Every structure is written in structure tokens, then in C-alpha cells.
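Let the sequences and hints guide you as you build the complete structure.
Here is what each chain is made of, one letter per residue.
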Amino acid sequence: MKKGICCLLAILLSGTLSGCQFKDIDKRSFVLAIGIDRPDDPKKRDQFEVTLKMGIPEGDPTKRSQESVVITEVAESVPEAIRLAKSKMDKEVDFSHCKALIYGESLVRNNITPIVDWSSRRRDIQLIMYCAVGMPNAKEVVQMQTKSERLPGNALILGLGKEGTESPYIKTVYSYDLKRRVTERGLDPIMPIVEAKHPDMLVIDKLALFNKKKMVTVLSPEETRIYNLLTSHNLRSSFRVDAEGTSFDYNLEASKSRYRIQGGKDGKAVIQYTLSGRAVLEENTVGTSVTGPVMRGYSKAAGEKWKKDGEQLLKKIQATGLDPIGWGLRYYSRNWNNATEQEDWKRLYPNLEFQVKADMEIKYTGMIR
Amino acid sequence: MVSSKYIYYLFLMNALINIINFVPRVLVFTRFHGALPSIFLSTFIGTLLFFGFTYTIKGFKGQGLPEIFNATLPRFFSFLLLILYAFFWFMAGIITMLSFVDITLRFISPDISSYAVILGFLLLTSICCRLSSESILYALETLLFLVTPIIVYMLVKAFINPAFNWDAVMQVVTFMWTRPKYVSLAGATFIFSGYFNLAIFNRNFKQIKTRHFWMIPVVGLMILLVTFLVPVGYHGTIGVEEHVYSWFSTADSIRMELFIIERVLFLFYTTYLTLALVSTVLHWHVGLELFKGAFQSKEGKKPGKKMDWWVLVPFSAATIIIMNFLDQVRLGQLGQWFLNIRFLNELLLMGVMFYAKGRSAKKT
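Protein chains in written order, with UniProt numbering: chain R, 1 to 369; chain L, 1 to 364.
The set of hints was computed from the structure by calculation and includes no laboratory data.
Note that the structure is a prediction, hence the values are computed from the model and not measured.
Mixed in with the good hints there might be a few duds.
Claimed, not checked - Covered by chain R, per the in silico footprint, the following chain L stretches (three or more residues, Cβ under 8 Å): (1) 104-111; (2) 225-239; (3) 312-318.
Backbone N, C-alpha and C fix where the C-beta goes; we use that ideal spot for every residue, glycine too.
This is the structure:
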């Protein structure tokens, strides 16, 4: 009896050996970045131009022989374009290592929803994929082969993430974050902008603000840095202050940002930001020796600069009518009158006031006084 | 004979496996209409049921549900009830299994045939659930010790991520004062129903001592809140509803930057695969023993070991047939129906247990 069962099991299990349809790694090409545009052809304006940057597995990853394969295809939808691209490849196109999705400028000015839906619906595309806007179009960004790139697509991936460079001008946006911002009440999508600069450079220093569907405004590099300061902890950055009589650079060692929404009962609300930071002096342009009082004066000047820049940026964001930081969600989450809070916020938003309290301390003068 | 800490393992097992058994699904669906009050209410009810069941079964030392029922109830009723509960426990295992087949196809490989996956699961559970109750309890302990640290690690990772949106969580919390719904209540009490497995495992307990009983409501409430609120923190108050397996999507949203693999998803999958299989084995073991218990003679003579396959093979076949009929939506509905009926069933069992206790007290 027992032997019979064992034999039966062995026979059954052998059936599953071939059933897996597993393709070997040398028969796959891994998509590392996708770029999606609207085609330039005016007749095809409502179609999609999909660019896939693929890496082919090779023996030695340390050599720079890793050429990438780029395929571009135009079709009525993204899946269609990918099916067409598949017939151009001899290998199985594998999306499970795709780390960057670039939305072309032509697309973000139109509508991003179908792509957001597609990328989060597909099971093999990660939710921790980076999303960004490509300028002048996604194709050029994805195609770009920078000098420093050792592995296909790696320049883009390292640039957008925080493992490689840690620029204060880059805001990392993951696919799941984009997806939640598209649906959330009181929180709007954002994406960093990647610009392809010829001959071989990728510049990421701006931030695109979206309403739920398309891009509305672009923040300049300076504004992007302040935005990052306002929305993250421990920003790695230096700042320059050019006040009367003083002119210096300092390097931020630690920073913190908090905000709370005050009021709201009488139709007026104030958003109070509290920034605090600890810094070390990096350059003193005036050249005089930095004594204690001078250092405290510098701290004050730096704080005032933050206050000015911060309030300016917040007003700019308010003027666009968008909510990239999630003030609306904060308001809803702190109010228990769930039936009316959205109406209330809609009324409050245009008249919001902003106060930035900057508590900046330059603690060290560096190696010299 | 095992010590009474194993009750807590049984509890923890069910509490951890809730993610697979569609508990987050119903909580997320009702997040604006009573999920949170249901959670608090169910903590209360669940603890009460837990206490009530352990209290009543304490009186029947070394006896499982079949022995208790056969001794105190009319033969016809005890037969009917045992068959009913056997079906019920098998169903619990089937839902965990089917849900995991679906997850495997979705996240690991859509190319593999679902029959191959379910066949593997069925073989494993069928063979393992015939082991002795004691071996299963020991296996449960070992695997929980292996798996719990990984789950805690992933949770810590989830909470310290700056992208975790506490505002979204707070926004859901503001829907506290809504009327609880039966469906979400039935879902949330699932966490506590691990004690239910004592129905068979009581045979192996020396005596049931419930020390540190306060841990049950505290741990249960915490697990429920985490189950419900972490996906909200990652996918937003509105977006969370769009994810079919909200916890797997959440695991996919967490990164391990400096590990061999970057996606937490795969770690999460393997961890929960272990848990799901152990839970299925546990449930099928209880189901099998109850089934055999229904055919037990008054003197306690059990049907032979060979009869196991006459129960397991039909249930395995039924699993495959059910899987054929299901799509993603129907599977979710089936899971919900199971949760709904399970809650009523638990209350019924509670009533029967109290009746049985009364009867046996009168006899002696």
C-alpha cells in the first residue's frame, strides 16, 4: 500500500517538472527602464511611443562591455507596443527588474492615468520602481548612455534613487507613491524631472507638480531644494547666504521640518512650518575671522533666508491650487467631522496663510576660525 | 502531553495568517463604515470567546470535541455537529490554500499551471495532516519561532520608512465613530479564533492554564490594527481599496536597500507560504480528526488509519473542483462568506459547549 502511494507520488511529481515553463536566464532580456511618450506624428497624437532599455545578461559584469538594447515602438496602448517590441527581440522580455519608468513631457501634459494604472496593475513590475518625467522626451532620456554608466540603465536608476548620488535637488518618487497620490484626497502627485543634455548627461534638478491627471507646474532647482527641505529629514545640502555685509556658504548636517495647521474654525487657517537645522560653515567669502557673535549672526541670517524662501515657495504652491505636500490630508486627518471636512478645506485653501519659523544653528566653523 | 503555552501558539498562528484569509479585504472595504469600531468590539468579543471556550473545555481533560459530544449529546446531534464542524475546518484550510495558489500565480509565476501548484499544496497538507497531533504542535512551535522574527523585521521596516503616510492612517482613524458592520466584525474576530483548534488538540494538553491572559486582547488588537492600517499608510485612504492583495502590495512597496534581494515581497511570500501551509495542515488535521470522531463508537474506538484517505482524497478533489469555479472576485466572496459563517459557528459551538458542560456536571 505504502509503496503504491509512493510510486504514485513520484509519477505525479514528475509531471510538474516540465510544467514550469521556466526560461533560462540567457534566454531573457531584462528591461531596466521604460520610457513612454506621445508620438511626434500629429496623426498619432493619441497613441503611445514606448521605449524599452534592455540589458542582456553577460558573463562579467565588471567589464564595460554591457551594451544595452533600446527598442522603440508605437501603438495604441502600452501593452500593444510591448507585444510589438517582443517580436523584435529574440529573447523573452522580462520586466521584473525594471527600475525606472519615464513619463515623456508630451504625455504628462496630457494624461498620466492609463500608464499609472498599467504599471501598478502588472504583476511583474515592481511597486518600488522609480517614476520621473523625461524632457525633452522620455525616449532621449532612456536612450542616453552616460559615460559613467557601467550597467545598462544604471545611471538613471542611481540618479533617481539615493544609493548613488544624494543631491538635494532630487526628489525620489516610487511607483506606489505615485499611485496613492493619484487616488488620494488631499494629496497630489509629484515627479522629478530628468533632462537629457547632449552629448551624454542626465540632469535631475526640477520637480513637476501634477493635478490628478497632468503636469501643472514645474519647480525650479532652487525651489525643489527648498521643497525637499520642507518635506524630508536630514537633507544633505549646502546653502549660500548673501545678506548685507555677509556672504557665506554652510553645509547642513541635520535638518528637521514639521508643520501644523492652525485655526480653520472661522474660515481662516494658518500653516505653521517649523524648520530646524544644524550646520557647519563651508566657506566664508568675506574673509574675516568667524568669532562667536559672528557665527550667531550668520545663523540668524541663514534662518531668515530659509523663512523667506520657504514662504515664497509655499505661496507659489498655493497659487497653483495643488496639494503636493498633503495639507489637505493633514487637515482631514486632524478633523473628526468627516461629512463636512472636504467642503471646509475647499473653502479654506485659497485663503491659507503661511508662517515659517526657521531655527537654524551654525555650530561649527569648520577646520579654521 | 504538551504544556499550555501551545494555546498561545495556536492563537498566534491564526492571528498571523489573517492576511491570507481575506481579513484585510473586508476591513479595507469598510474602512469608512465601521471597520475601526469593529476592531475594538471584536477584540472584546474575541477575548470573551477565547476565555469562554478555554474555560469550558478545561472541564474535559484530555478529551477532544468528538469525545465530549459523543458522551453528552444525543448520537444524532453529535454526529451532525461533528460532520458540520469537520466540513467547516476543511473549508478553512481550503480557503487558505486557494488564496495562496492565487497569490503564487499572481506574484511568482503566472506561467505555471494552477493545478501543479494546488497539487503540491494538497499532497503536502494531506500527508502532514495525518501526523499525530503532538508532532503538529511541535512543528507549529518551531516554525513560528523561525517566522515571527522575519515578520517583525518586515513590520519595523514598514514603519520606519519615511514614505509611510501617518496622515492617511489618522484620516482612517477619524472614522472611529461609525456603526460597526457584521461583516467587518466577523472578519476581525477571525484573529482570535485560534483557540478553536483546541477542539482536537485538547486531547494533548495536560491541563489548560491561561497565564498572562491579558496578552490575548493586547496582541490581538495590535495585530488587527497593523493588519488594517499599514496598507492604508502605504496606499492611501482611497488607493488601498484598489489593491487586491493589499498586504502583498504593501510588502512590494518596502525596500531592503542593502540586502541580497531588494524586494521585500519575496521574503514576505516565502514567510507566508510557510505560515499558510502550517495553518492548512493544522486545520485539516482538526477537520480529519473531527470527521473520524463522528464515526467513533461510544466506547471511543476510532476508525483505522486507512480511513484517512477516504476523507482526504474527496476533500482534495473538492478543492480542485472549487478552484475551477473561482475567479479572483468569487474567491474573495467565498472567503468573506466563510468568515461570516465562521463567526456564527463559533457562537453556536460556544453554546453547545456550555450545554455539554452542564450535562456532564449533572452526570457526575
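Hint check results:
1. 104-111: This one holds; 5 residues, not fewer than the three required, reach chain R with a Cβ under 8 Å.
2. 225-239: holds (count 6)
3. 312-318: It is violated, with 0 qualifying residues against the three required.
Comparing the model with each earlier hint shows a violation of hint 3 alone; every other hint is respected.
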